[in-house]
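Visitor: For reference, the chains in residue letters:
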Amino acid sequence: MVLWMLMLAFAGLTAALGLDLWSHPAQRPSIPLVDASFLSNATARVSAADLVKSGGDTSGLECYTCHDKKETVKLTFDTNGGIVLPKEHIDIAGTNSEGAFMPMAHGRNDRNNNCFNCHNETNLETLQTRDGRELKITESPQLCGSCHGPTYRDWEAGVHGRTSGYWDRALGPIDRKVCTSCHNPHAPKFQPWKPAPRPHALHPVMAGVGQEEKPH
Amino acid sequence: MIKGARNYFTFLRRCARIAFVGDWRYYAWMGVLSIIVLVGINAYARQFVNGLIVTGMSDQVSWGVYIANFTFIVGVAAAAAMLVIPVYIYDNKELHDLVIFGELLAVAAILMCLAFVAVDLGRPDRFWHLIPGIGEFNFPHSMLSWDVIVLNGYLLLNVHICGYLLYCRYRGRTPAKWFYIPFVFIAIGWAISIHTVTAFLYVGLGGRPFWNSSIVGPRFIASAFTAGPALIILALQVIRRVANYQIADKALLTLRSIVQVSMLINVFLLVNEVFKEFYSGTMHVASSEYLFFGLHGHHALVPWIWTAIVFNLVAMFILVLPLSHSLKWLNAACLLAIVGIWIEKGMGLVVPGFIPTQLGEMVEYTPSVNETLVCLGIWAFGLLCYTVFLRMSIPILQGQLCQANEQAGARAAGH
Amino acid sequence: MSEPVSRPNGHPSGAAGHEGMDRRSFLRTSAVLASGMAALAASLAPLRNLRDFPSMERFLQKHYKELTPPEMRKVLDRITREVETQYGLRPEVRDYKPMDGVEFVYCLNLTRCIGCRKCVHACVAENNQSRDPEIQYIRVLRMPHGSLDLEKSDPNYAPDTVPEKGFFYMPVQCQQCKKPPCVKVCPVRATWQQADGITVIDYDWCIGCRYCEAACPYFARRFNWTRPWIPKDRINLNMSYLGNRPRRQGVMEKCHFCIQRTRAGRYPACLEVCPAGARKFGNILDPESEVSYIMKNKRVFIQLKEEVGTSPRFFYYFDV
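Chains as they are written, first to last, in the working numbering: chain A, 1 to 216; chain B, 1001 to 1415; chain C, 2001 to 2320.
Quick caveat, the hints were computed from the structure, so don't treat them as lab data. Some clues are possibly wrong.
[Said to hold, decoys possible] Computed list of lysine-lysine pairs in DSS-like fashion (alpha-carbon distance at most 27 Å, straight line):
{"#": "1", "chain 1": "A", "residue 1": "K189", "chain 2": "C", "residue 2": "K2165"}
{"#": "2", "chain 1": "C", "residue 1": "K2065", "chain 2": "C", "residue 2": "K2232"}
{"#": "3", "chain 1": "A", "residue 1": "K53", "chain 2": "A", "residue 2": "K70"}
{"#": "4", "chain 1": "B", "residue 1": "K1276", "chain 2": "C", "residue 2": "K2232"}
{"#": "5", "chain 1": "C", "residue 1": "K2178", "chain 2": "A", "residue 2": "K177"}
{"#": "6", "chain 1": "A", "residue 1": "K53", "chain 2": "A", "residue 2": "K189"}
{"#": "7", "chain 1": "C", "residue 1": "K2296", "chain 2": "C", "residue 2": "K2179"}
{"#": "8", "chain 1": "C", "residue 1": "K2097", "chain 2": "C", "residue 2": "K2178"}
{"#": "9", "chain 1": "C", "residue 1": "K2097", "chain 2": "C", "residue 2": "K2152"}
{"#": "10", "chain 1": "C", "residue 1": "K2296", "chain 2": "C", "residue 2": "K2152"}
{"#": "11", "chain 1": "A", "residue 1": "K189", "chain 2": "C", "residue 2": "K2298"}
{"#": "12", "chain 1": "C", "residue 1": "K2074", "chain 2": "C", "residue 2": "K2097"}
{"#": "13", "chain 1": "C", "residue 1": "K2165", "chain 2": "A", "residue 2": "K194"}
{"#": "14", "chain 1": "C", "residue 1": "K2305", "chain 2": "C", "residue 2": "K2165"}
{"#": "15", "chain 1": "C", "residue 1": "K2097", "chain 2": "C", "residue 2": "K2062"}
{"#": "16", "chain 1": "A", "residue 1": "K136", "chain 2": "A", "residue 2": "K194"}
{"#": "17", "chain 1": "A", "residue 1": "K74", "chain 2": "A", "residue 2": "K87"}
{"#": "18", "chain 1": "A", "residue 1": "K70", "chain 2": "A", "residue 2": "K87"}
{"#": "19", "chain 1": "C", "residue 1": "K2165", "chain 2": "C", "residue 2": "K2184"}
{"#": "20", "chain 1": "C", "residue 1": "K2296", "chain 2": "A", "residue 2": "K177"}
{"#": "21", "chain 1": "A", "residue 1": "K87", "chain 2": "A", "residue 2": "K177"}
{"#": "22", "chain 1": "C", "residue 1": "K2065", "chain 2": "A", "residue 2": "K194"}
{"#": "23", "chain 1": "B", "residue 1": "K1177", "chain 2": "B", "residue 2": "K1276"}
{"#": "24", "chain 1": "C", "residue 1": "K2305", "chain 2": "B", "residue 2": "K1276"}
[Stated by the list, open to error] Simulated restraints, written as ranges between beta carbons of each label pair:
{"#": "25", "chain 1": "C", "residue 1": "L2047", "chain 2": "A", "residue 2": "F190", "range": "19 to 25 Å"}
{"#": "26", "chain 1": "A", "residue 1": "R198", "chain 2": "B", "residue 2": "M1283", "range": "24 to 30 Å"}
{"#": "27", "chain 1": "C", "residue 1": "F2301", "chain 2": "A", "residue 2": "F190", "range": "19 to 25 Å"}
{"#": "28", "chain 1": "C", "residue 1": "D2077", "chain 2": "A", "residue 2": "D175", "range": "30 to 36 Å"}
{"#": "29", "chain 1": "C", "residue 1": "P2287", "chain 2": "B", "residue 2": "W1306", "range": "58 to 64 Å"}
{"#": "30", "chain 1": "A", "residue 1": "A36", "chain 2": "C", "residue 2": "A2041", "range": "35 to 41 Å"}
{"#": "31", "chain 1": "C", "residue 1": "M2037", "chain 2": "A", "residue 2": "V2", "range": "15 to 21 Å"}
{"#": "32", "chain 1": "A", "residue 1": "L8", "chain 2": "C", "residue 2": "P2231", "range": "46 to 52 Å"}
Glycine included, each C-beta is placed from N, C-alpha and C at the ideal position.
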């Protein structure tokens, strides 16, 4: 009697297993591929040195196409003492996230609000340091380092800023970036970035995804 | 020699045959267990194909109910050999035959342990990498390698002792003391070692402060020696009822005293642990806080651990009172103790070690349906093995299955 | 209790005489057995979907340290074929050995990290990690100013822009410890440390027990919970045996300092992509390297969880 029931039970189990009635794994939401911009090694800007090396359009560095060699440039200041960018150079400090042009922003408390702190008023295509050295535009790191000493020393050692290429110089060249590859000299502070998405949990429900971020 | 081998094969064949014979209750029990085992096999097949993603584990909580059950069952296996101590050290004759039941439980338990570990592996097809000499066996550095040695050694020890004693009884011979007594004494020490090595798996991890504590080893032994004999007390009463096997109440009460003392030690160690975690208030208590009170809004384990503590305390009180001399109360206490310790060792030890993660992240864990079915399948498999072992050994011990009636048995079997 | 042994099952009566088995009980027991076998077959049915069952060659493959050069050549060829079959593209798979006189150290400047997570994704792309389910070796933690309490960390921050005021960001990946607990606990020696300090994994030897994942104090190790998925158009074909060749279901993986790049003298992918230049890497045994400069000149640096005794080769520092 029991054996018949057993047989029925086994037969029922066979059917149930065959019909695959349970234990279907929960559908996980598919994870989108990350945007390719997060994989890019490109620097935020192209420095003058890189521009020259790559043979790009250097017309922006030829100041005397517009300026007159005989005339001195007059700087305009606003009522707060901040420098006013002329309309031809309105874009030199970059744009903010809404697309509006930013004002000059190198140095706090108006410490550095004079173009000719860095640019040479007698030769607009060169730069000058405070101790009177004249530098080519492609030699700008020395100008930056003339004020930003500790950072410059770190940069020389390879510890500030970006490096790529070979750590083993015997096997290949190292590729050092200069200051202006990352920093806009007229507004050196980095703008905030959009970060890549947060990590995706293996079991979203158990990681509490979808709940409000709890304060720690 | 050939005759000896032939005798042995006849013995094995008769044992195997008798496992398929029984009354309706036997068939019903074995049938239900077989069904659960088959459902478990199916669940494991899905896991084998799709990977361990079908469980509830993740990188944050990378061990779950498989290892939790493994830890609990190793304790049961260790404690099953506890019966050996009163018999052979204190020369308690009443428990003599019961030692075999205890050791058979140990064998079934070790088989369950091996099953739980096997289903937890990501690549079980590479099991041979663990074999010393053929694979790369990281002994003595890895505690898992120690565990492999002690568990398999314990299995062999118990199979030898039981097998030898049962075969001698079958043949009607007195067993030669030198062939099993030394192994019995080795088994006593080895039983403690299997559970200590399992404890050391956890204790040795400096990166997990919840586990990296010297109290884990003693707590393992204390809780194992509570739950193991408690299980045996219940199992013996079932055997007594179902198999009409004479088991004196005195044997059960001897086991009761083991459970009683071990439970007291277990609760004392719990108090120690709780004090150390919460009084000093250092930063390392995050896992304990999560377990007992919840942390940062996550509190899945809190009801479980408090249930376990209540069960353990109630069991302890019942055991301490003379009330537990009555079998009804003793059984209740045993059941509470087993469930309480199962929760404590499983969800109360393995899972909180992972929450929060090493970097402070809180990801909780719930076993999936598939995972649970695999666990049930392995538990059913263990019970199936133990039932088969008992089905074979009880007639031998009672004298119904012996060499003397081989011919009669053969005649009845239609040879 | 038990019935007398007069109704055995399964075996038709052969010898002459005596009770034997009658046809009814034979049919009954056979029926039970047959239905049991059918249930067993049905329970094993999911196995028909099994892909990637190892060939005999793969099953018997020896541990990395025991492979002779010709055997390694065969293994690399096999991996090349497998990748070509699966992705339709031919990779270059090599076995990069550690360089002499080199011990790698990684330094990360916490003043500079802005938490953009570009390093996470550059690593994923370079090292052929599974995109679904997601495996990421680097975990960027957002920490509040004033505390190194990891309990206060948050890896799941998702603001509109970073960095956020009042927080600093700390990426964590394998620290390539001098005393690695993962190496100590692996039961089959599938993970070990090589001479240049990188702790490597032989993906074809790992049994997937995840003891190393439990032992690691830094949440550095990852497990393949199912078959990994790499999009064909983003696979990196420059592969190494111990590094970034595609892994299988059921094995561990982790950051290996981009073996295929660093042992060829190049910087790891996470370093090259960092827009803030926060990451520095090199040979600590070379006094002219950037990392030697940092260790000599920067005043504050921390090793995560120094008290655990792992002696990581990963140093966090602050400028000035």
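Visitor: Each hint: holds or not?
Guide: Results for each hint:
{"no.": "1", "hint": "A:K189 - C:K2165", "in the structure": "15 Å, holds"}
{"no.": "2", "hint": "C:K2065 - C:K2232", "in the structure": "31 Å, violated"}
{"no.": "3", "hint": "A:K53 - A:K70", "in the structure": "31 Å, violated"}
{"no.": "4", "hint": "B:K1276 - C:K2232", "in the structure": "54 Å, violated"}
{"no.": "5", "hint": "C:K2178 - A:K177", "in the structure": "32 Å, violated"}
{"no.": "6", "hint": "A:K53 - A:K189", "in the structure": "25 Å, holds"}
{"no.": "7", "hint": "C:K2296 - C:K2179", "in the structure": "23 Å, holds"}
{"no.": "8", "hint": "C:K2097 - C:K2178", "in the structure": "19 Å, holds"}
{"no.": "9", "hint": "C:K2097 - C:K2152", "in the structure": "40 Å, violated"}
{"no.": "10", "hint": "C:K2296 - C:K2152", "in the structure": "31 Å, violated"}
{"no.": "11", "hint": "A:K189 - C:K2298", "in the structure": "23 Å, holds"}
{"no.": "12", "hint": "C:K2074 - C:K2097", "in the structure": "17 Å, holds"}
{"no.": "13", "hint": "C:K2165 - A:K194", "in the structure": "14 Å, holds"}
{"no.": "14", "hint": "C:K2305 - C:K2165", "in the structure": "26 Å, holds"}
{"no.": "15", "hint": "C:K2097 - C:K2062", "in the structure": "18 Å, holds"}
{"no.": "16", "hint": "A:K136 - A:K194", "in the structure": "35 Å, violated"}
{"no.": "17", "hint": "A:K74 - A:K87", "in the structure": "14 Å, holds"}
{"no.": "18", "hint": "A:K70 - A:K87", "in the structure": "21 Å, holds"}
{"no.": "19", "hint": "C:K2165 - C:K2184", "in the structure": "41 Å, violated"}
{"no.": "20", "hint": "C:K2296 - A:K177", "in the structure": "23 Å, holds"}
{"no.": "21", "hint": "A:K87 - A:K177", "in the structure": "30 Å, violated"}
{"no.": "22", "hint": "C:K2065 - A:K194", "in the structure": "45 Å, violated"}
{"no.": "23", "hint": "B:K1177 - B:K1276", "in the structure": "48 Å, violated"}
{"no.": "24", "hint": "C:K2305 - B:K1276", "in the structure": "21 Å, holds"}
{"no.": "25", "hint": "C:L2047 - A:F190: 19 to 25 Å", "in the structure": "55 Å, violated"}
{"no.": "26", "hint": "A:R198 - B:M1283: 24 to 30 Å", "in the structure": "25 Å, holds"}
{"no.": "27", "hint": "C:F2301 - A:F190: 19 to 25 Å", "in the structure": "23 Å, holds"}
{"no.": "28", "hint": "C:D2077 - A:D175: 30 to 36 Å", "in the structure": "34 Å, holds"}
{"no.": "29", "hint": "C:P2287 - B:W1306: 58 to 64 Å", "in the structure": "59 Å, holds"}
{"no.": "30", "hint": "A:A36 - C:A2041: 35 to 41 Å", "in the structure": "49 Å, violated"}
{"no.": "31", "hint": "C:M2037 - A:V2: 15 to 21 Å", "in the structure": "19 Å, holds"}
{"no.": "32", "hint": "A:L8 - C:P2231: 46 to 52 Å", "in the structure": "50 Å, holds"}
The structure is inconsistent with the numbered hints 2, 3, 4, 5, 9, 10, 16, 19, 21, 22, 23, 25, 30, although it conforms to all the rest.
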